[in-house]
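Undergrad: Read top to bottom, the protein sequences are chains A and B. Under our numbering, the letters of the first sequence match residues 3 to 481, in that order. Under our numbering, the letters of the second sequence match residues 3 to 481, in that order.
Treat the hints with caution; some may be incorrect.
Chain copies aren't distinguished; within one or between two, either way the pair holds.
To be verified - Taking lysine to any residue and the SDA-like style, the derived pairs with C-alpha atoms no more than 25 Å apart in a straight line are:
| no. | residue 1 | residue 2 |
| --- | --- | --- |
| 1 | K88 | Y251 |
| 2 | K41 | S110 |
| 3 | K108 | K152 |
| 4 | K306 | N462 |
Worth flagging that the hints you see were computed from the coordinates, not collected in a lab.
Protein chains: 2
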Amino acid sequence: MSKNSKKMVEAITDMEKDFAQWYTDIVKKAELIDYATVKGCMIIRPYGYAIWENIQKDLDRRFKETGHENVYMPMFIPESLLKKEKDHVEGFAPEVAWITHFGEDKLSERLCVRPTSETLFCEHYSKIVQSYNDLPKLYNQWCSVVRCEKTTRPFLRTTEFLWQEGHTVHATAEEAEEETIRMLNLYAKHCEEVLAIPVIKGQKTDKEKFAGAKATYTIESLMHDGKALQTGTSHNFGDNFAKAFNIQYTDKNGKLQYVSETSWGMTTRLIGAVIMVHGDNNGLVLPPKIAPIQLVIVPIAQHKAGVLEEADELNKRLKSIVRTKLDKTDKMPGWKFAEYEMKGVPLRLEIGPKDIENNQCILVRRDTLEKVTVSLDKTEEIIIDLLDKIQRDMLQRARKNRDEHTYAVKTMKEFEEKIEKTPGFIKAMWCGEKECEDKIKDETAATSRCIPFEQETISNTCVCCGKKAKYMLYWGKAY
Amino acid sequence: MSKNSKKMVEAITDMEKDFAQWYTDIVKKAELIDYATVKGCMIIRPYGYAIWENIQKDLDRRFKETGHENVYMPMFIPESLLKKEKDHVEGFAPEVAWITHFGEDKLSERLCVRPTSETLFCEHYSKIVQSYNDLPKLYNQWCSVVRCEKTTRPFLRTTEFLWQEGHTVHATAEEAEEETIRMLNLYAKHCEEVLAIPVIKGQKTDKEKFAGAKATYTIESLMHDGKALQTGTSHNFGDNFAKAFNIQYTDKNGKLQYVSETSWGMTTRLIGAVIMVHGDNNGLVLPPKIAPIQLVIVPIAQHKAGVLEEADELNKRLKSIVRTKLDKTDKMPGWKFAEYEMKGVPLRLEIGPKDIENNQCILVRRDTLEKVTVSLDKTEEIIIDLLDKIQRDMLQRARKNRDEHTYAVKTMKEFEEKIEKTPGFIKAMWCGEKECEDKIKDETAATSRCIPFEQETISNTCVCCGKKAKYMLYWGKAY
Numbered sequence: 003m004s005k006n007s008k009k010m011v012e013a014i015t016d017m018e019k020d021f022a023q024w025y026t027d028i029v030k031k032a033e034l035i036d037y038a039t040v041k042g043c044m045i046i047r048p049y050g051y052a053i054w055e056n057i058q059k060d061l062d063r064r065f066k067e068t069g070h071e072n073v074y075m076p077m078f079i080p081e082s083l084l085k086k087e088k089d090h091v092e093g094f095a096p097e098v099a100w101i102t103h104f105g106e107d108k109l110s111e112r113l114c115v116r117p118t119s120e121t122l123f124c125e126h127y128s129k130i131v132q133s134y135n136d137l138p139k140l141y142n143q144w145c146s147v148v149r150c151e152k153t154t155r156p157f158l159r160t161t162e163f164l165w166q167e168g169h170t171v172h173a174t175a176e177e178a179e180e181e182t183i184r185m186l187n188l189y190a191k192h193c194e195e196v197l198a199i200p201v202i203k204g205q206k207t208d209k210e211k212f213a214g215a216k217a218t219y220t221i222e223s224l225m226h227d228g229k230a231l232q233t234g235t236s237h238n239f240g241d242n243f244a245k246a247f248n249i250q251y252t253d254k255n256g257k258l259q260y261v262s263e264t265s266w267g268m269t270t271r272l273i274g275a276v277i278m279v280h281g282d283n284n285g286l287v288l289p290p291k292i293a294p295i296q297l298v299i300v301p302i303a304q305h306k307a308g309v310l311e312e313a314d315e316l317n318k319r320l321k322s323i324v325r326t327k328l329d330k331t332d333k334m335p336g337w338k339f340a341e342y343e344m345k346g347v348p349l350r351l352e353i354g355p356k357d358i359e360n361n362q363c364i365l366v367r368r369d370t371l372e373k374v375t376v377s378l379d380k381t382e383e384i385i386i387d388l389l390d391k392i393q394r395d396m397l398q399r400a401r402k403n404r405d406e407h408t409y410a411v412k413t414m415k416e417f418e419e420k421i422e423k424t425p426g427f428i429k430a431m432w433c434g435e436k437e438c439e440d441k442i443k444d445e446t447a448a449t450s451r452c453i454p455f456e457q458e459t460i461s462n463t464c465v466c467c468g469k470k471a472k473y474m475l476y477w478g479k480a481y
Numbered sequence: 003m004s005k006n007s008k009k010m011v012e013a014i015t016d017m018e019k020d021f022a023q024w025y026t027d028i029v030k031k032a033e034l035i036d037y038a039t040v041k042g043c044m045i046i047r048p049y050g051y052a053i054w055e056n057i058q059k060d061l062d063r064r065f066k067e068t069g070h071e072n073v074y075m076p077m078f079i080p081e082s083l084l085k086k087e088k089d090h091v092e093g094f095a096p097e098v099a100w101i102t103h104f105g106e107d108k109l110s111e112r113l114c115v116r117p118t119s120e121t122l123f124c125e126h127y128s129k130i131v132q133s134y135n136d137l138p139k140l141y142n143q144w145c146s147v148v149r150c151e152k153t154t155r156p157f158l159r160t161t162e163f164l165w166q167e168g169h170t171v172h173a174t175a176e177e178a179e180e181e182t183i184r185m186l187n188l189y190a191k192h193c194e195e196v197l198a199i200p201v202i203k204g205q206k207t208d209k210e211k212f213a214g215a216k217a218t219y220t221i222e223s224l225m226h227d228g229k230a231l232q233t234g235t236s237h238n239f240g241d242n243f244a245k246a247f248n249i250q251y252t253d254k255n256g257k258l259q260y261v262s263e264t265s266w267g268m269t270t271r272l273i274g275a276v277i278m279v280h281g282d283n284n285g286l287v288l289p290p291k292i293a294p295i296q297l298v299i300v301p302i303a304q305h306k307a308g309v310l311e312e313a314d315e316l317n318k319r320l321k322s323i324v325r326t327k328l329d330k331t332d333k334m335p336g337w338k339f340a341e342y343e344m345k346g347v348p349l350r351l352e353i354g355p356k357d358i359e360n361n362q363c364i365l366v367r368r369d370t371l372e373k374v375t376v377s378l379d380k381t382e383e384i385i386i387d388l389l390d391k392i393q394r395d396m397l398q399r400a401r402k403n404r405d406e407h408t409y410a411v412k413t414m415k416e417f418e419e420k421i422e423k424t425p426g427f428i429k430a431m432w433c434g435e436k437e438c439e440d441k442i443k444d445e446t447a448a449t450s451r452c453i454p455f456e457q458e459t460i461s462n463t464c465v466c467c468g469k470k471a472k473y474m475l476y477w478g479k480a481y
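Can you make the complete structure from the sequences, with help from the hints?
TA: Here's what the structure looks like:
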């Protein structure tokens, strides 16, 4: 924190002392959310929502560039429709919200608020897909879904949350598998290029896969407290749902075939990931690409002649190249520094009478608090360079931190020691049996995160039972 | 319809014979929607949703330019919260969807799915507004809402629909009134400039105003069948909700004051308006500004050497200036003509071997079916001019049609004759009493649409009771 601002703001909890409280302090003090009366729901405030809009814009562009189209399905699912695929209803029924009445009228069949929309998409596809000419269908939907949660935390786990859900149908199993992996890669690129969050790509074990899926792929990232976060998932359903919903098409030879299906989703939990990967004890640190304000202009001694005029002039010039805000309120500069540091604005520009005299201004990076004095003639190019550099540096720092907290272990003793003393990702060999997965979870509270695409051989035997190893797995305590 | 396509497509119902069936045919055949299993809900298909995205983009830009910020409130409202403002709960309680259980657990208090979010915004404002420095708050939300409807029609009246709802709080009654009118004007501009739909701006009578509002302003437009459609509304709540929810701020003199509040909304019903104002017996006619495809390229004799290459080349050139689609499927050109006419694509570009020889192509307007032959060297500028002209002409034609179906009447006999024989807007004088409003509705099935801002004096007496007239009103049978 800038020296002169430290004393002026109510401090947030130290992240090293109480990470959960630090997180809660940030979401409130950076004005990302407010709590709602309805238990487990949150209000996303303008600054939080603007971050989500920037995430949406980037994802939506990527979806459209890969041929996907947006649609909107109803938010209600009749009970009988939810029940059509057995594993699916078992996975979701315990946590759905049930509608019983419209006004005073009791419904003949209960409706639930969508916890996810596989069943609605399947029913629609069963009507509109007839021939191989109709395939593939590559649909996506932006909406909110409801899954009742007992313990909630803003962005990470709430009863209602915003997300996108892609649902596609294909002529062949191969095409569905390609799509599933394509979307996982798209998610990984978004995380690394836009959110500056490095991810591990891999497959979920059978125990951890999605209700009704043949295979679930995931991207996993590591938070600052050493806990893992599932950042996005992509599911290959094979023909499970196609058979339950009778989605068939006539192939080129006139033969009836079941379609193969995928779904994939990312949620507002991404904002939670950004907070926990990049934030520090001064507050939020936002990657420039999603920052609602990329540069804040703070006039110094703004009552002096010419300062506000010059600040206005600069703001006009700069706002055509970056998202700027000029703060002309009569708060002390130190207050303003602290406020925009809390909000994670990537760059601060200070300009006062002396700077104007010297045809210069001062730029301060949020991520490193480094200061540079720059000529007013070169401000534009330096700002663009700096924002680029901040974006790159943030990814590099996050990757370094992740790698430093990733441990290859050969024994359960090492496993337990690491997860207890220096939490992070644990890489360990696994025999492939659910018994070992359960046992490790019982003993360490760590869950299997994924079977990474990039396999390594740490040893030849399962870390738990000592039998022949099949895969290297990532483990971690998770949100 | 183009001569050579007429025979190839299954005709839609003639709009002059059965307007309701014509409408239903279009929404299905232009692939805007599909019906969902849940009664009264609809699936918005990719082509329909892309129209909504273009409408959203324009409105959202206008909202942001006028200082509004987007937020997201929960979709659930506890019963006790809904009941806080008396008129409001009476207006909405009969049509809300009630949640009683989360999974197996019975809730201690029922929740409804938001029919609108005044109560949620008010509760939030009561927490975040303390001083005059916090005002105004200009928030907007994009979401779906639920109001159970017995009789539904796609886009016009459905149990769930998509919309935006603006909710603002202000220090003074004057500022709230200014905001209410500002947003009504913004809506009117969007309708005229983007949807090419002329509107009448005015105030709702007390009988027709929103549940809990002090004043409701409306824009009303006229459909091709002579029925009126309420296209957008803007409400001034005064301090009704502020008092019910205790939203107070400290003014500059340190005195506690209630805020003044507004709300305003537009919905997917706008798509219904576009269909019913511009559509014809060949299908949809879309204003270029919201058309997902502004220009479709149809190659003629595409099996011949060079045709597809030239079409590809043209498509590459044109897609940087307009939203294009090149249809290379092996359907007959006549089929393609009919399909894109049904979908309302504003311009069709035909290119075949002879055209290539003569360095030309053919452009066909959807709205007039006029054809022009243009040099390939000038295609870009002519397309831009034509799209502009189509946009303007569509508004002019709609205005002409509206004016030709707007009748000033002095007696109930004239009123009844007009509304029966040549439906449209009826302008008539009114004494201001609810009794006359009720009586006219009973006798003619027409409802008061608005007290227009632009008043005229048709006579000095109320068309119904003959007493002294207070206002000139617009009347109509309405959707």
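Undergrad: It remains to establish, for every hint, whether it holds in the given structure.
TA: For each hint, the structure was consulted:
Taking the closest pair of Cα atoms, K88 and Y251 come within 25 Å of each other only inside a single copy of the chain (23 Å); across copies the shortest separation is 54 Å, beyond that limit. In this assembly of identical chains, K41 and S110 lie within 25 Å of each other by CA distance solely across copies; the values are 11 Å between and 28 Å within a copy. In this assembly of identical chains, K108 and K152 lie within 25 Å of each other by CA distance solely across copies; the values are 14 Å between and 28 Å within a copy. Taking the shortest alpha-carbon separations for K306 and N462, neither the intra-copy value of 73 Å nor the inter-copy value of 63 Å comes in at or below 25 Å.
Violated hints amount to a single one, hint 4; each of the other numbered hints is respected by the structure.
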